[in-house]
Amino acid sequence: MSGLLTQEFTVNMGPHHPSTHGVCRLILTMDGEKVVKIEPVIGYLHRSMEKICENRTYAQCVPLMDRFEYVTAMSAEYVFVNAVEKLAEIEVPERAEYLRVIMLELNRIASHLIFYGATAMDIGALTPFIYGLRERELIIDLFEMTCGQRLTYNYMKIGGVSHDIPKEFIPKCREAVKIIGEKMSDYEGLLNENPIWLARTKNVGVLPTDLAKAYGVSGPVLRASGVKYDIRKNDPYSIYDRFDFNIPCRHNGDSYDRYLLRLDEIRESLKIIIQALDGLPEGDTLKKVNPFNFKPPAGEMYSRIENSRGEMGVYIISDGTTKPLRVKMRGSSYNHVQVLPKVATGVLIADLVATFATLDVIMPEVDR
Amino acid sequence: MILATAELIGIFQWLHGFLVDLGLKEPWLSIVVYCLLSVTVFGVLCLIALFLVWWERKIAGHIQQRFGPMRNGWHGWYQTVMDALKLLQKEDIRVDTRDKAVFFWAPVICFVAAFMAYIVIPFGKGLIVADLNIGILYIIAITTFTVISLLMAGWGSHNKYALLGGMRSAAQVVSYEVPMVASILTVIIFSGSLSMVDISNSQQGNLIFNWFIFRPPFGIIAFITYIIAATAEANRTPFDIPEAEQELVAGFNIEYSGMKFAMFFLAEFVNMFTVSAIATTLFLGGWNGPLLPSWLWFLIKTLLVVLLLMVFRWTFPRLRVDQLMEFAWKFLVPVTFANLILAGWMKYAGWYW
Amino acid sequence: MKSVFNGLKNLIKGMAITSKHLGRHAVTVQYPEQRDNIPERSRGIVVLLSDKETGELNCTSCMLCMRACPTAAIRIEAPRGEDKKRHLQSFVVNHTICCFCGLCEQACNFTAIKMATMYEFSSLDKSVLVWDMNKLQEMGRDVPYEPKKKPAAKPRPKVEEKEKAADDKEEKPDTTETKPDEKTDPKNENQTPDQPDEEDKKGEA
Amino acid sequence: MTGDELKEYIVGHLEGKLKPLESGKHDPLFEVQESDLLTVAQVLRDDENLKFDFLSCISGVDTGERFEIVYSLASLANNLRIDLKVVLSREKPEVESVQEIWPAANWYEREIWELYGFDIKNHGNLTRFLLADDWDQGYPMRKDWDAPDFVRFPELER
Chain W
2 MSGLLTQEFT VNMGPHHPST HGVCRLILTM DGEKVVKIEP VIGYLHRSME
52 KICENRTYAQ CVPLMDRFEY VTAMSAEYVF VNAVEKLAEI EVPERAEYLR
102 VIMLELNRIA SHLIFYGATA MDIGALTPFI YGLRERELII DLFEMTCGQR
152 LTYNYMKIGG VSHDIPKEFI PKCREAVKII GEKMSDYEGL LNENPIWLAR
202 TKNVGVLPTD LAKAYGVSGP VLRASGVKYD IRKNDPYSIY DRFDFNIPCR
252 HNGDSYDRYL LRLDEIRESL KIIIQALDGL PEGDTLKKVN PFNFKPPAGE
302 MYSRIENSRG EMGVYIISDG TTKPLRVKMR GSSYNHVQVL PKVATGVLIA
352 DLVATFATLD VIMPEVDR
Chain V
79 MILATAELIG IFQWLHGFLV DLGLKEPWLS IVVYCLLSVT VFGVLCLIAL
129 FLVWWERKIA GHIQQRFGPM RNGWHGWYQT VMDALKLLQK EDIRVDTRDK
179 AVFFWAPVIC FVAAFMAYIV IPFGKGLIVA DLNIGILYII AITTFTVISL
229 LMAGWGSHNK YALLGGMRSA AQVVSYEVPM VASILTVIIF SGSLSMVDIS
279 NSQQGNLIFN WFIFRPPFGI IAFITYIIAA TAEANRTPFD IPEAEQELVA
329 GFNIEYSGMK FAMFFLAEFV NMFTVSAIAT TLFLGGWNGP LLPSWLWFLI
379 KTLLVVLLLM VFRWTFPRLR VDQLMEFAWK FLVPVTFANL ILAGWMKYAG
429 WYW
Chain A
312 MKSVFNGLKN LIKGMAITSK HLGRHAVTVQ YPEQRDNIPE RSRGIVVLLS
362 DKETGELNCT SCMLCMRACP TAAIRIEAPR GEDKKRHLQS FVVNHTICCF
412 CGLCEQACNF TAIKMATMYE FSSLDKSVLV WDMNKLQEMG RDVPYEPKKK
462 PAAKPRPKVE EKEKAADDKE EKPDTTETKP DEKTDPKNEN QTPDQPDEED
512 KKGEA
Chain P
45 MTGDELKEYI VGHLEGKLKP LESGKHDPLF EVQESDLLTV AQVLRDDENL
95 KFDFLSCISG VDTGERFEIV YSLASLANNL RIDLKVVLSR EKPEVESVQE
145 IWPAANWYER EIWELYGFDI KNHGNLTRFL LADDWDQGYP MRKDWDAPDF
195 VRFPELER
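Residue numbers (our numbering), protein chains in the order written: chain W, 2 to 369; chain V, 79 to 431; chain A, 312 to 516; chain P, 45 to 202.
In short, the hints are calculated from the structure, not lab data. All of these numbers come straight from a predicted model, not from anything done at the bench. Among the hints, erroneous ones may be present.
[Said to hold, decoys possible] PhoX-like, lysine-lysine: derived pairs with alpha carbons at most 20 Å apart:
| no. | chain 1 | residue 1 | chain 2 | residue 2 |
| --- | --- | --- | --- | --- |
| 1 | P | LYS61 | P | LYS51 |
| 2 | V | LYS238 | W | LYS38 |
| 3 | A | LYS324 | W | LYS184 |
| 4 | W | LYS324 | W | LYS289 |
| 5 | P | LYS63 | P | LYS51 |
| 6 | A | LYS331 | W | LYS184 |
| 7 | W | LYS35 | V | LYS238 |
| 8 | V | LYS408 | A | LYS313 |
| 9 | P | LYS95 | W | LYS229 |
| 10 | P | LYS95 | W | LYS234 |
| 11 | W | LYS184 | W | LYS173 |
| 12 | P | LYS136 | P | LYS95 |
| 13 | W | LYS324 | W | LYS296 |
| 14 | P | LYS187 | W | LYS324 |
Just chain W, same shape as in the assembly (with noise of 0.2 Å):
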């Protein structure tokens, strides 16, 4: 094929390409079928949430970080509000560090199932992605119970949770998690041995673990790559020391074990689930803080978390008014779509759309 005189050209994929999950867009440069250079755009998704923060009280910031990370609004919530006890030394109730936690799971599970059902459909199965909604409807029915939104909850405060859970919550949140439970065997069967489904995903877009660590990629990415690392674990934040939970590794860092890495992921989650919901105490949920007049002392510190989709952080400094001096949020995702060119150059552009959905990115966290 050598003597053949081919032209590469230039493909838009995005802002509203149906795989670019959401508004990224990817300059690629093409040689036939063959992705040469990948240039990300970001940015259409800029609401500039940093300054915005700047200009709100810190009760007024938590609905704000809803819109940060929609998938996983919770963790989003729980790492400003995270943050802000710790500058301003609030113990949060007993009773509320385990809902947090119970809430955190849950969302995890949920942007999990989001995660299967979106990669299957980058890949072309069109049928898991409702099966993946369909479990995520019972948990997005759990919050909606709870604190009356379904998809941005504002249910972290600072120093507790708005709501207490509802009666009916914890029978009906077991019975999530049981048929959760159940279905993973559906999920595992329609697409961990099947032939195409390998095919497309094994080998493709490996990420080594040097690149993974040099290009700071974290979370199931970065656990596929053969770092057992999970903030979890290794920084623990609220009362996740307390749970008796595994943390999945793989080696290959290819698509495929990033894959099957979140499946894990949901049932260790179920574990920690069904151990909160056994211990989960009596009393108060909310310490009163007054939302008007709330001024943490100054001081500055980084809080992350480990979310779904790896290290969410936030840089909070407090010069002791109502109103922080600087909030800095760090989204996974903009480092997943960061090391996506050296991931993805030089493969075919179906593999591209497998890498990128296996990176599990969502564009609200990269743009903020």
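Fit chains V, A and P to the supplied structure of chain W, relying on the hints for placement.
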């Protein structure tokens, strides 16, 4: 050429007599009769295509534990009719930089080619427009026209996604033509004829065990390879890379809208019905079956094959383009040719028949 | 050869899973005719609640909700009258910029504002979604609620008020709203909350 | 290593190059001179007992009086965390790029260049990506940034 039909013979005789009474003479008589037949087949096929669109949506809905269309009529039975009407009213958006003639003719060719195959497909005992003695060859030739139209659509749209889709479809259809023909040839070895009617007739009797699919092992292997190749031929998942909506957005038909899009869309479903009808005729005994009228048997069998293709689509992920080609050339072609040669040798040696 | 059969087996396994669902009942509902149950706490549109007996608004124009709102969707005008009390003149909720966070409901001490479970208020005209006081009151007429604390119809000693509030809270542990430092009871007009900061909302965009 | 040990170790190891700040609440926070940044970063990454090979985040800060840039670092191998702060002059804020040490810095530095206007030396790819391509309204994250009319909503200013 057979005009007389088992069930509908009365109507045709009446029609024939009516036209003769009008004073029509050959060749005009034949022309008018064939025109009427074609229009009938066309109408029936349009209905079938509309039905298939609805059915696919229902199957998809039920597989995914949804309802699917429910609004228009009982379980939305005329939903697709309304969709077609809607598409008719839509603005026909044309890209300024398109290649005008190519852009216009692509959907037309696609549509026509999809329907032309039905000239030789026997819907029932004697229910055939024209029983060509090279029937199956004619079908293979005519269905390949589709690829030209897809390539034209890809080129004429002046869109890189569309072009990629068109190129993919050309590569795919041409590659899968080879194993498809090889598995069809296995059947021709069994039957000894290219005529669709002869093939159907040779599967008559003995309940269902005369069907070519039950001639182990060659029949079943040929059937499986044919179904795989046919799925690719009809551009359906897991071989739907020409329109791969997650990669190429919609592939070749990305720039088409309104009725032109509808023509591609209907042609796709007609193609699906075509490959299923061929599978029925070649492997599943055609119209043969006990008790029920022949056309009903044919329809039931064909729809079952269509159902299989639909379950494929709603279960499997999509193959990558290079894997698709590798699968065709490195796996399907050797298997089908080995199957063909062995079957021919067996027949020559007279071990079976 | 083995891998071919294994692959085929797994393909069929996948198809068995999807076919299994073919006969099952749908989990979705046909939306306009059938509806899912909306939980009590669901946060829909913002309404103003009225006293069940008198039909008067519960609002005491303390402006807490207006201060709590992160998007400035609530606009209250309540100038002081001759009796030095605030008189509610207009209460406008702009639902086009409301982010349904529920902070106003949590800030209110008199169960005057609530996010009702109603939804479906889309319209072609944005101005339809800016609701004034009458509309808000009308929408909130039939919304069931449990009063946190009775609006002080007539001045009472301060201690009593606080005890009452404490009692109410014990009865209903759900109400986890915060008690602001500012004395917002109407009888303490002299210590009404500060006007919201006239902050330059530069980062609004 | 606990926080205090870590603080002692780093201060002892990088004598005079960094000084711990009290304002850091949860994890150790150090102030580094801009000129020392690269050496300090190199040591932090390569020292066997530290191995800060994971750059979590780079935050630009405008306190109103001065500009700062904060590097949040984590060590995956030794499970440690620190923050590094560099104070920049308000007149001519510029800082060396740390891309050589942590490639992840690329986009974070681009973002800071775009939103704060700090000059990142030796970055190589300082192009707009968060703001509009034709943005010419200054650096929006600075405290003294005056919002242009088109981003103001008078009805929101109560």
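_If you test the structure against every hint from before, which numbers come out violated?_
12
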